[in-house]
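Colleague: Put chain B on the given structure of chain A with help from the hints.
Spelled out, the chains give:
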Amino acid sequence: MSVTWSNVVRCLDAIRTGEESMASSRQCIDTMRRHDRPKRRIAGPFGARIALPIVFGAIAFVGVCRAGDMNTAATGGIQAKLSYCKDCHGPSAQGYDGYFPIPRLAGQQTEYLENQLRAFIEHRRTNNIMFNVAHALSPGMIAALAADFRGLDPKPIGGAPTRYVDLGKKIFQDGMPDANIAACAACHGPAATGSGPIPRLAGQLYPYLIKELVNWGKERGQNPTKPDTSAIMSPVAHSLNRSQIEAVAAYVSYLK
Amino acid sequence: MKIIGAKLVLQTAVLAIAFSGACRAEDVKAPAVSKQEVAAKLAYCEVCHGVSAQGFHGYYPIPRLAGQQTEYLENQLHAFTEHRRTNNIMFNVGHVLSPAMVAALAANFHDLDPKPLDGAPKDLAAAGKKIFEEGIPSGNVPPCASCHGPDGKGNGPFPRLAGQLSDYVSSKLTNWDKERGQDPKNPDNSAIMEPIAHGLNEAQIKAVAAYVSYLE
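For the record, the sequence lines run as chains A and B. Our numbering numbers the first residue of the first sequence as 1 and each following residue consecutively. Our numbering numbers the first residue of the second sequence as 1001 and each following residue consecutively.
Keep in mind the hints are simulated off the structure, nothing from the lab. Any given hint could turn out to be false.
To be verified - Cut-off 25 Å, straight-line C-alpha distance, at most; resulting in silico cross-link-like pairs (DSS-like, lysine-lysine): (1) A:Lys170 <-> B:Lys1041; (2) A:Lys155 <-> A:Lys86; (3) B:Lys1122 <-> B:Lys1153; (4) A:Lys169 <-> B:Lys1041; (5) A:Lys211 <-> A:Lys170; (6) B:Lys1115 <-> B:Lys1129; (7) B:Lys1172 <-> B:Lys1122; (8) B:Lys1115 <-> A:Lys226; (9) B:Lys1172 <-> B:Lys1115.
Remember, it's a predicted structure, so these values are computed and weren't measured experimentally.
Next up, chain A with everything else stripped away, as it sits in the complex (with noise of 0.2 Å):
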């Protein structure tokens, strides 16, 4: 594949709507670039100069066109986008221990899933992998995978130690009242559902829920121009100790 205005256009195409998959579209930049160093080499710096335009008209064009049929909301564009989210978190959404755990999203509160997206975005909740999903979704289309995600209801992929769960549903279902940990049933639900802003835990990924709760401070509402829900768990998150939070999310991870 030679690098012209069409291949430019197609790779940064496919990789927008996710109509080719991830992998594919990987192989897309990939020949582009081994195509692209001998010419780079011959062109010397002014090539480069050239050829930095011409992306920028190329995602500038690529905008215009999608924004032209973005209103059809193409049921083909969101099943395009489900399987490249599925990519990542597992085919039914189940969630998937990569090489970071990724989370579960089947099951989650619509609400909950369209204000991460926008924490992503609005450098509330700091991932730069999320970041760059994130930011090219139209509002209509985060609304659309939201809804989709709620839909589905896999089996939890379990794996956590069993050893800690009893007192995982201890902490989850009461609280530790003595050292002022609040019971997560209370805003979580007893059966670990969430609702609207709050999150459901049941089923989410063992390691996931321990790396968010060891490192809430460090990654969410990191923008302090626009505080938000996340600061609620803060506390909670802070008087957990690392066994009570191996504990708690053993025994959400089981939840179906």
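Modeller: Using the frame of chain A, we list chain B on its own:
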């Protein structure tokens, strides 16, 4: 003899005063809680009851405590621990609190005055105002204002309703006799509201809940 007698009396009196002083100091000291402990516990309460205790929509509607009558707050905390009022989470929260902590928390919440959390359907408020102020004489429902006050601020054992979450008020009125006065051996003043809650239908409950939720 007289001198010795007077000396003895004096010594005894001094001792008695000193002793009673020591006793009083201990009485005051024993149940006291430190400012730090109270601050930590308040922060813990506000995780669920919202910033400034103005209430919070968790999985359940979690009531506003700000501006609440201290007597009512203390009575409810006791009600949870004595199983007069059914609520598993609040039982666990309540039963570890010392009497001094209960008093300190109640006093703190009473002094808070944030704006109502809002969110109830405004169009219901007018009908709610009428019920609140005039009652429903045909249905033998007295005006709420007669006990809760014309501005819904409550009085002693009668809770403040002003600024309370409307969905919380609705769920209490709907489930009154399933949640309150649950210990037959230990009847409490929740019995007063029972026939009134029973006499209101769903639409009337929603209206009056919307009205009080906007009162400041």
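Colleague: Each of the hints needs a verdict: does it hold here or not?
Modeller: Hints versus structure:
1. A:Lys170 <-> B:Lys1041: 20 Å, holds
2. A:Lys155 <-> A:Lys86: Cα-Cα ~15 Å, so holds.
3. B:Lys1122 <-> B:Lys1153: 20 Å, holds
4. A:Lys169 <-> B:Lys1041: 22 Å, holds
5. A:Lys211 <-> A:Lys170: 21 Å, holds
6. B:Lys1115 <-> B:Lys1129: 19 Å, holds
7. B:Lys1172 <-> B:Lys1122: 20 Å, holds
8. B:Lys1115 <-> A:Lys226: At roughly 21 Å apart (the allowed maximum being 25 Å), A:Lys226 and B:Lys1115 satisfy the hint.
9. B:Lys1172 <-> B:Lys1115: 22 Å, holds
The earlier numbered hints are all upheld by this structure, with none contradicted.
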